[in-house]
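*Asks:* Sequence:
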Amino acid sequence: MTIISSDPTWWPLISSAQLLSYFIVVSSTAVVYDWTLTFGQEFELIWRQRWSLMTLLYVGVRYVGILYSVIYPLSTLPFPMSDEVGTSFWFAEAWISVVVNAMLGVIMMTRLHAMYQRSKKMLIFLVVVLLASTITSGVMTAMANIGAVGVEFVLSGYHVCVVEIAPNGANLGYESLISTAIWEILALFLAVWIVIKHFRELRQSPSGSTIGDCFTVLTKSHVFYFLVFAVVACLTLGALSPNISYSSSAGASVYNGTMTFAQMLQMFVLGPRLILSVREYNAKIVAESDEGTCMTSIAFQAGGDALTDRDALTCGDV
Numbered sequence: 001m002t003i004i005s006s007d008p009t010w011w012p013l014i015s016s017a018q019l020l021s022y023f024i025v026v027s028s029t030a031v032v033y034d035w036t037l038t039f040g041q042e043f044e045l046i047w048r049q050r051w052s053l054m055t056l057l058y059v060g061v062r063y064v065g066i067l068y069s070v071i072y073p074l075s076t077l078p079f080p081m082s083d084e085v086g087t088s089f090w091f092a093e094a095w096i097s098v099v100v101n102a103m104l105g106v107i108m109m110t111r112l113h114a115m116y117q118r119s120k121k122m123l124i125f126l127v128v129v130l131l132a133s134t135i136t137s138g139v140m141t142a143m144a145n146i147g148a149v150g151v152e153f154v155l156s157g158y159h160v161c162v163v164e165i166a167p168n169g170a171n172l173g174y175e176s177l178i179s180t181a182i183w184e185i186l187a188l189f190l191a192v193w194i195v196i197k198h199f200r201e202l203r204q205s206p207s208g209s210t211i212g213d214c215f216t217v218l219t220k221s222h223v224f225y226f227l228v229f230a231v232v233a234c235l236t237l238g239a240l241s242p243n244i245s246y247s248s249s250a251g252a253s254v255y256n257g258t259m260t261f262a263q264m265l266q267m268f269v270l271g272p273r274l275i276l277s278v279r280e281y282n283a284k285i286v287a288e289s290d291e292g293t294c295m296t297s298i299a300f301q302a303g304g305d306a307l308t309d310r311d312a313l314t315c316g317d318v
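Going letter by letter, the sequence shown gives residues 1 to 318 in full-length UniProt numbering.
Since the hints were derived computationally from the structure, they do not count as laboratory data.
Bear in mind that the values here come from a model prediction, so they are computed numbers and not experimental data.
All residues carry an ideal CB built from backbone N, CA and C; glycine is no exception.
Incorrect hints may have been included.
[Said to hold, decoys possible] For lysine-lysine, the following DSBU-like pairs were computed, each having C-alpha atoms within a straight-line distance of at most 35 Å:
1) 197 to 120
2) 284 to 121
3) 284 to 120
4) 197 to 220
5) 120 to 220
6) 220 to 121
7) 220 to 284
8) 197 to 284
9) 121 to 197
[Stated by the list, open to error] Label-pair distances were calculated between CB atoms; the ranges are:
10) 245 to 56: 30 to 40 Å
11) 7 to 92: 46 to 56 Å
12) 216 to 243: 39 to 49 Å
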């Protein structure tokens, strides 16, 4: 069903939709631009290397982001769009963060598992927490979008698709990020804790410098990623305010646009770099090694038995 109106009271909504579309285009351009900047590294460190779970996750996150960055701006163009197409765009946007954050959670879990010397108890704990977080987020997202229907409006010649959802649906959609935030906070705490512990234990170790460098790479990328995620979480919770979620003012559009930019930066730029940064460090060590091996006896070790060559690949392939 298409609703046509030339009522001037709709003009603020038109201005809001146009302003938000600019942020979406900028965000999408940033994702594609980052991909072009890092494609050389990606080719050497991903496509030419042995395929593993981390490779699959990288390709999934990176190219879902590229596809999303191409399709998402199209949904904001002022062209005729059927209700079904508008609804499909809405569901894709709603679920993309759930799926990608789950994939990023697996990357974080793998890194933590390696940092904790591949402890089975730690792995079980991380799997349980990540599953609980992902399932909770998925259930809340599904509940938030029950009965969601897109309706095409033609307002003074400007085409815009408005999605009608239940009164509590919008809040549930934003609140679904809370479980993911709990996981990210826990992951950061565990990473910082083990880094502090290892630096203390390895202060006198001959190999402490190399291990310390590897932990530094892991920690830097993790902390930077978490800081941007924290911005996304705060902005998402702030969007629960009626002054934001039910407003068509320029300020609300800038707020939502900033949230979109931060979310795409977190998922599709910093997410893939979690893997690239470690593999780049590993490639540097390989290049500087006389034997051409990397971390074969010291990867994440504070004494005791060494990891195998395969386990130590790319700092444990994390």
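*Asks:* Next, verify each hint and record whether it holds.
*Replies:* A quick look at each hint next to the structure:
Distance check on the hinted pair: residue 197 and residue 120 sit about 19 Å apart at the alpha-carbon level, within 35 Å; holds. Proximity of residue 284 to residue 121 is assessed by CA-CA distance (about 32 Å); at most 35 Å being required, the pair is judged to hold. As the CA atoms of residue 284 and residue 120 are separated by approximately 30 Å, the hinted pair is consistent with the 35 Å bound. Proposed proximity of residue 197 and residue 220 is supported: the alpha carbons are some 16 Å apart, at most 35 Å.
With a C-alpha separation of about 25 Å, the suggested pair residue 120 and residue 220 falls inside the 35 Å cut-off, and the hint holds. Between the alpha carbons of residue 220 and residue 121 the distance comes to roughly 25 Å, so the proposed pair stays at or under 35 Å and holds. For the hint pairing residue 220 with residue 284, the CA-to-CA distance comes to about 17 Å; that is within 35 Å, so the pair holds. This hinted pair checks out: residue 197 and residue 284 have alpha carbons roughly 25 Å apart, not beyond 35 Å.
Restraint check for residue 121 and residue 197: the C-alpha separation of about 18 Å stays at or below 35 Å, so the hint holds. About 36 Å separates the C-beta atoms of residue 245 and residue 56, a value consistent with the hinted range of 30 to 40 Å. In this structure, residue 7 and residue 92 break the distance hint of 46 to 56 Å, their C-beta atoms being roughly 30 Å apart. For residue 216 and residue 243, the hinted distance range of 39 to 49 Å is satisfied, since their beta carbons lie about 42 Å from each other.
Of the numbered hints stated above, the single one contradicted by the structure is hint 11.
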